[in-house]
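Number of protein chains: 6
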Amino acid sequence: MAEQPELRSLKEGDLFAGFLLAQEALFKTSAKGSEYLELKLADASGDLRGFLWDLRAIEGDMDLVVADAFVRVKGQVSLYNGRTQLRLDKVRFAADEEIGDFSRFFPTSRRPREAMQAELDQLVAGIGDPWIRRLLEMLFVEDPLLRAAFAKAPAAKSLHHVCLGGLMEHTLSVAAMADRACAHYQEMNRDLVLAGVLLHDLGKTAELAYQRSFTYSDAGNLLGHIAMEADWISQAVAQIPDFPEQLRLMILHIVLSHHGRLEYGSPVLPKTPEALLVHYLDDLDGKLEAMFRAIREDAGQGSWTPFSRTLERMFYKPRWPAIP
Amino acid sequence: MAEQPELRSLKEGDLFAGFLLAQEALFKTSAKGSEYLELKLADASGDLRGFLWDLRAIEGDMDLVVADAFVRVKGQVSLYNGRTQLRLDKVRFAADEEIGDFSRFFPTSRRPREAMQAELDQLVAGIGDPWIRRLLEMLFVEDPLLRAAFAKAPAAKSLHHVCLGGLMEHTLSVAAMADRACAHYQEMNRDLVLAGVLLHDLGKTAELAYQRSFTYSDAGNLLGHIAMEADWISQAVAQIPDFPEQLRLMILHIVLSHHGRLEYGSPVLPKTPEALLVHYLDDLDGKLEAMFRAIREDAGQGSWTPFSRTLERMFYKPRWPAIP
Amino acid sequence: MAEQPELRSLKEGDLFAGFLLAQEALFKTSAKGSEYLELKLADASGDLRGFLWDLRAIEGDMDLVVADAFVRVKGQVSLYNGRTQLRLDKVRFAADEEIGDFSRFFPTSRRPREAMQAELDQLVAGIGDPWIRRLLEMLFVEDPLLRAAFAKAPAAKSLHHVCLGGLMEHTLSVAAMADRACAHYQEMNRDLVLAGVLLHDLGKTAELAYQRSFTYSDAGNLLGHIAMEADWISQAVAQIPDFPEQLRLMILHIVLSHHGRLEYGSPVLPKTPEALLVHYLDDLDGKLEAMFRAIREDAGQGSWTPFSRTLERMFYKPRWPAIP
Amino acid sequence: MAEQPELRSLKEGDLFAGFLLAQEALFKTSAKGSEYLELKLADASGDLRGFLWDLRAIEGDMDLVVADAFVRVKGQVSLYNGRTQLRLDKVRFAADEEIGDFSRFFPTSRRPREAMQAELDQLVAGIGDPWIRRLLEMLFVEDPLLRAAFAKAPAAKSLHHVCLGGLMEHTLSVAAMADRACAHYQEMNRDLVLAGVLLHDLGKTAELAYQRSFTYSDAGNLLGHIAMEADWISQAVAQIPDFPEQLRLMILHIVLSHHGRLEYGSPVLPKTPEALLVHYLDDLDGKLEAMFRAIREDAGQGSWTPFSRTLERMFYKPRWPAIP
Amino acid sequence: MAEQPELRSLKEGDLFAGFLLAQEALFKTSAKGSEYLELKLADASGDLRGFLWDLRAIEGDMDLVVADAFVRVKGQVSLYNGRTQLRLDKVRFAADEEIGDFSRFFPTSRRPREAMQAELDQLVAGIGDPWIRRLLEMLFVEDPLLRAAFAKAPAAKSLHHVCLGGLMEHTLSVAAMADRACAHYQEMNRDLVLAGVLLHDLGKTAELAYQRSFTYSDAGNLLGHIAMEADWISQAVAQIPDFPEQLRLMILHIVLSHHGRLEYGSPVLPKTPEALLVHYLDDLDGKLEAMFRAIREDAGQGSWTPFSRTLERMFYKPRWPAIP
Amino acid sequence: MAEQPELRSLKEGDLFAGFLLAQEALFKTSAKGSEYLELKLADASGDLRGFLWDLRAIEGDMDLVVADAFVRVKGQVSLYNGRTQLRLDKVRFAADEEIGDFSRFFPTSRRPREAMQAELDQLVAGIGDPWIRRLLEMLFVEDPLLRAAFAKAPAAKSLHHVCLGGLMEHTLSVAAMADRACAHYQEMNRDLVLAGVLLHDLGKTAELAYQRSFTYSDAGNLLGHIAMEADWISQAVAQIPDFPEQLRLMILHIVLSHHGRLEYGSPVLPKTPEALLVHYLDDLDGKLEAMFRAIREDAGQGSWTPFSRTLERMFYKPRWPAIP
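Here the protein sequences line up with chains A, B, C, D, E and F, keeping their order.
Mapping of the first sequence onto the working numbering: residues 286 to 609, in sequence order.
Mapping of the second sequence onto the working numbering: residues 286 to 609, in sequence order.
Mapping of the third sequence onto the working numbering: residues 286 to 609, in sequence order.
Mapping of the fourth sequence onto the working numbering: residues 286 to 609, in sequence order.
Mapping of the fifth sequence onto the working numbering: residues 286 to 609, in sequence order.
Mapping of the sixth sequence onto the working numbering: residues 286 to 609, in sequence order.
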């Protein structure tokens, strides 16, 4: 795929030609009875609306221009209520093969993947307990498919770290906080805590589908990520001869209980200090990321972000001392 | 262990000598300052209180006479407020080896184990779908330890079917109702429903400990029976070559969702007709058993059973037409 | 009313002339400032949108063209985003007298009314307990208005069995399941259970209005169907000399408690086995019908139905084994 | 029954002989092995504990001395931890015929019954709306059994106004407040509000049993007072020719909705101003009475009453300005 | 500002020129690609939609025409679906200085401000307890800014008494009811109750912003009105030498607990009779006002108002006897 | 007060004479009719039961021997069911003046007060923001009464850190964790977070009474610690000229919202990152302390602590790797 400008960089009057992901595709009818096409177009840098007023300008099969398909478009940038949009001259369906690396069409973690991967490997290598280290190596180092998936998956569908690499970014952030917490609460077993942190959302690599949009897979909807990762851990443990049963229970307990409450999808409550700690730090990290991002990204006037349905509140944007 | 009368059959004035399970053992002090021993003694037919007024009559090591130990006692039956009790002359600790079959000291299902086992085997053999039948055979027929445990476990700690064999009795009752329901709701996949019914509480064989009392095992408290049975199913499926992934998801989904609500410990809600049906029939059977038993066993006057904390209500005892 | 094609059978290009129910009627203004009329038009087979771009084509009094009125329309079928719609040439209000049988404009139960009525009569006739049978005869056989209303009413406004005859269809389905359940749980009083089933939603004949749309009547909103049917039962019982008071209480108890929880509108919890059973089977039947219907009717791609706000989940559409 | 001193008036050393209600009767065994009888004895003025150390002093059939029976006792008052108790010399069962007026053994409203009855009659006579007045006359004036029951019943089992006449006292208090509220909120229909107030707890005459203790009747447990009074109102209205249907709905709506929330046992929410007002004033009156009584009756030190399980809080006892 | 007609008085064909508050201002694009301006325009009497089809008719800086700004408009009234709207010929931004009294653009309490102010002063002057009267004088009489703010503030953002002066209107209504309630419940300390009533929503003068629209201020969102008024009371009390500590606690307790439940934002539950009374009367008054207003203002057909999201129900509009 | 052995150090047969706090004092009667006195006696090291079988051995006024009084006792240690108790020979009331330092009778924080005080002073001195430092100095350094109270108060009545100095210990633990968290989440304003941490429970110095037992003061019950500390902060800020209003709001917001949910007593939800962080770290620290303490102090057999009613679960006691 040839070079093309990022959507975020477009300014009024710019011409644009390139591939984009059609997150929405709606054929609408105007009051005059004429039909037009409205698209929500996205690349990794952002998204905007595109309008094609004359449907005859669609090349090829019109029925292929649907939500979650890639399209090739040509048009000019205009400004509407302060937001950029595209007045399109041409639209055509684009096969996956033309696209190459899908990741150019999704938001991606601000941290480079290599740096995160190295940090993860170091964490695993630094585990002192041989049983725990062995288990983590099997899942995070020696299984190439899982290793790749863990590096690519988002952390959630809509709540926090909704980007490629978001799962790893979130996991590493919780791990770093957990490291500090274990230095403070010295009765904690740091190896056990880190195992819980690294494993707690591993199942999201299969719960979330993110080929063309961030959504739940069938397995994700039917089983949930907690059941899936518990299964994987159990199968990995079964391949480690003489793995201590008590340790197996403790690790699985952290994973199963990390949502903290039954009504949030954990079948058991945290009953060990390590499980309680992992639950709090995971929850805190996700909510803080959502809050900081909402504050950072809100371009609107006034002191408050839009209402967050997840956290059921607006956030206060001003910082002290004021950021110049 | 020699023959001894059942506790339920004892009458005022009877002499009793034999082994009993001490469910409680309390050393108390009287206002005069003398110490005595109060025991809650049980066999499979029921329980009563025993009093030893002179601690010097304890043979052997007094510190071994604790809750959940077996004891050998000798004494005479008296009546107190209409209930039988034992005035003890002798008490001594009894080692497990003296006892033989522990099941003589627990309530046991009213249905004979052999009849239930045969009914279960027939159910499995009658499954038409080869994949499902294979999975059930592995777990219920070919694994001798699991087969034995399933035949012996209670269905719950305190709610319903609290007796040896209770898990199998409950499971078969739900299966028979499920069979009738599938005849009525003909869009149901009967094989899938029956698989869900047979598997839904299998993990209770490891969740509940019942060597000396009905309680939760460590694994039960840390993981819960749903996570354990999901693990076992997953491992069994992994040994069946080419087991269809979609079917695996559907079966695991029924098991994971069978408590019906997140706050009742299911990490996902029932999302298929089969999962919804298994949830309702399981819930109904347990509650009905608890209600019928409470009505049957309540010897008190008045129209109402004692308040059931589980169901948060009293039950109305009179039946229509009146039972003569 | 003359013959006219069913809406469901229309194809692009077809001409249509006939009577339809206007479920919605909105006068809208286009950006050009011209006004047009958008209708949601329905018959028993389905519904579609109709557009009249020139309001002068309305015959007669324009103010009569409102939601829940019948209209006579003429126009041609077009296709928009894969759905049929009507481009209208003529619209006029139609008085009720022109319409004849309203039921042609509502969805109707898939089971023929006569078959259902016969099944109901047989159920009543088969009740062994003379008091219960007498009560049911008074309400379901001898009261012609109630008998007719019961045969016609929907079972709910939007949840399940939302069609003419839906109440009877739902009631008979629960009754058939109850019959099977009583064969399994032999301590149940089958006559009492069936009385509870037949009576449990009788008040919906007055709670729901369904002359032009399915909605709540004033009495339905102010009292609810449970209070209304309890009133009717009480008045019928009062006319049966020497009706046993205990039986009256037991029947009313099933009816009052059948929603199972106070927060679902039952003023008392089920406290007899019969009441518990009726609650579960009623709840199960409604939810299963909603789930099966959603799966059957969803024409969309993907494995999941749209989110059901009633059950707060999506349903998984694939069946095992796959339906060819 | 001859005169006998009130329990509340007894002082240490007094001799007592008379009839009392045995609210509890327990045969206990002492550490020495001797049996004794412990009674909770009550008359309308209060209760105390009685002890009979020698069971041979029981006259007649010992098995008749049970909870909720009347007994004739003889003994002497002693003081224990600042509370009076009775050391008994004689105890015998007393048949109901010996007792005469049971009300001497229950707490009774502080307001004289005649004054309350007159106030009620005046309220009914003062209703301007002829339909409403007619309905109230039928239930409160012309039905002698209901009139008597309404004058005698308690308002609740344990929450507030737990005394003979408590229902009428509570009803009149709410009515007086409602009168004031209608003077303030002039859009209210005062007649309708008063009808709602007078009728809202009428069913408690049958919900609560209070022959020997305050408890729920079978009908009360199975149907609840709301369903019972709705039934009675409906049957009374049926006997008034041409009673306006809308008014019937409005009155029944107030009664059915007066608990204010579904989870408190109302099958519908208040949807008219009159229904909303009755709900608030009823709720307020009950809670205030419970709070004032708890403050008044608490003899303990400190600023706080014992924890009220009903209101889930302690109450602050000091009053401003301080009561000397 | 010159005289101009009230929006409510406009009829089809009228010409209008004057200042209005733009509650919404949206630049939209038509299907033809032309842009137009849609405004929601308001004065104290009501609001309507205005459309400017040619943006060149905007005088001065177009970017100043935003929501919550004042505008000067010229246009003609037309009718659309039975509602008036303005087809605009001219629109320009208007600076605050041109406007004068902002209150002409907000709904205002039906009660005249002077009458309410006099009633409030009389209430304060009539307080018998010198400590309480002193406190109320400091806040309601001697602090001119607070006195003015209290007279002007609305009682809520959207629930009830949403108009200038609404806070005072609501407060006085509760006070009048409280006066009647204290006459009925004679154990109440009337002075304490009235203090609680007058102070309970005082913080809304700072919680709600109402310069251009009714919304929450930053302080309101961050602290809430309860914390703010508690702070003010505490600071006022600190300036009254020897103010009794117990009285301070009692007054603050009423204010802190007046929402009645923790989940409604009160950090403590009402634990004195006075606090319980204030909570009930405040809650009742707000809900009744909302209900009466919804019934009064609903011009629609049918017996029911639109669904109230606040009260989670529709209200029944018919009154008994019918209002002619 | 002279030296006396700690209760925890007593062994069977020891003689004891000294002052103790009577946490409970009950006069009981034995079956023989003789009265005796049972005391729960405590010093800072623990508590045990004491029995005085002959009431004539009480010196001085018997009515002064009540719960929460100090007593001087003499007796001998015996063993009962493995627990020590005191068989008393003499008991007399002891006036407060005899006792001297009350803290000898309460559990005390494991951390020395001086070390904690120094750490606190250092934290305050290290605050970079001059406004925040000034505020903290006023409250924690310059107000000698508050400084002393903060050093002495417990952190809670029964949940966690229930000991003298517990409030400071808990506060410093949260502050140390907050320091680490701010190093990780670098967008946080560390000074603001630390201000929130130090202030969040300051009001507990007045909410909790701990002269003779840990309980709530009247002010604590009526206002709660959140309202009290918000008041103090507000009054301190009022004395700092030109304190920025926005900073005042942000600090008060952290304090008001730190319980995290309305139903836990916070009148507002956390709406800034700093407020969210303080809530999580406070909650985590309290729960972890409770869990670690329960595990540490449980002397019982088995893997599980007793059920914690606060956290609604048992805790798993085994640690990994096993503590030898």
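Please note: incorrect hints may appear among the correct ones.
Copies of the same chain look alike in the list, so a pair counts if it fits in one copy or across any two.
Computed list of lysine-lysine pairs in DSS-like fashion (alpha-carbon distance at most 30 Å, straight line) [what the hints assert, rightly or not]:
id, residue 1, residue 2
1, Lys437, Lys313
2, Lys375, Lys325
3, Lys325, Lys602
4, Lys313, Lys602
5, Lys602, Lys359
6, Lys375, Lys359
7, Lys437, Lys375
8, Lys602, Lys375
9, Lys296, Lys313
10, Lys296, Lys602
11, Lys313, Lys359
12, Lys313, Lys572
13, Lys442, Lys572
14, Lys572, Lys296
Treat the hints as calculated values from the structure; they're not laboratory data.
Hints, one by one, checked against the model:
Within a single copy, Lys437 and Lys313 get their C-alpha atoms no closer than 36 Å, and across copies no closer than 39 Å, so neither meets the 30 Å cut-off. In the homo-oligomer, the alpha carbons of Lys375 and Lys325 lie at most 30 Å apart inside one protomer (15 Å), although the nearest pairing across protomers, at 34 Å, exceeds that limit. For a Cα distance limit of 30 Å, the shortest separation of Lys325 from Lys602 qualifies both inside one copy, at 28 Å, and across copies, at 28 Å. With identical chains, the CA atoms of Lys313 and Lys602 are at most 30 Å apart between copies only, with a shortest distance of 29 Å across copies and 37 Å within one.
In this assembly of identical chains, the alpha carbons of Lys602 and Lys359 never lie at most 30 Å apart, being 38 Å within a copy and 38 Å across copies at closest. In the homo-oligomer, the alpha carbons of Lys375 and Lys359 lie at most 30 Å apart inside one protomer (5 Å), although the nearest pairing across protomers, at 38 Å, exceeds that limit. Within a single copy, Lys437 and Lys375 get their C-alpha atoms no closer than 32 Å, and across copies no closer than 55 Å, so neither meets the 30 Å cut-off. For a Cα distance limit of 30 Å, the shortest separation of Lys602 from Lys375 qualifies neither inside one copy, at 41 Å, nor across copies, at 37 Å.
In the homo-oligomer, the alpha carbons of Lys296 and Lys313 lie at most 30 Å apart both inside one protomer (26 Å) and across protomers (20 Å), since each shortest distance falls under that limit. Taking the shortest Cα distances, Lys296 and Lys602 sit within 30 Å of each other inside one copy (27 Å), while across copies they are farther apart (45 Å). Proximity of Lys313 and Lys359 under a CA criterion of 30 Å is satisfied in both settings, with 20 Å inside one chain copy and 24 Å between copies. When the C-alpha separation of Lys313 and Lys572 is checked against a cutoff of 30 Å, the pair qualifies neither within a copy, at 38 Å, nor between copies, at 35 Å.
Taking the shortest alpha-carbon separations for Lys442 and Lys572, both the intra-copy value of 14 Å and the inter-copy value of 28 Å come in at or below 30 Å. Taking the closest pair of Cα atoms, Lys572 and Lys296 never come within 30 Å of each other, the shortest separation being 33 Å inside a single copy and 51 Å across copies.
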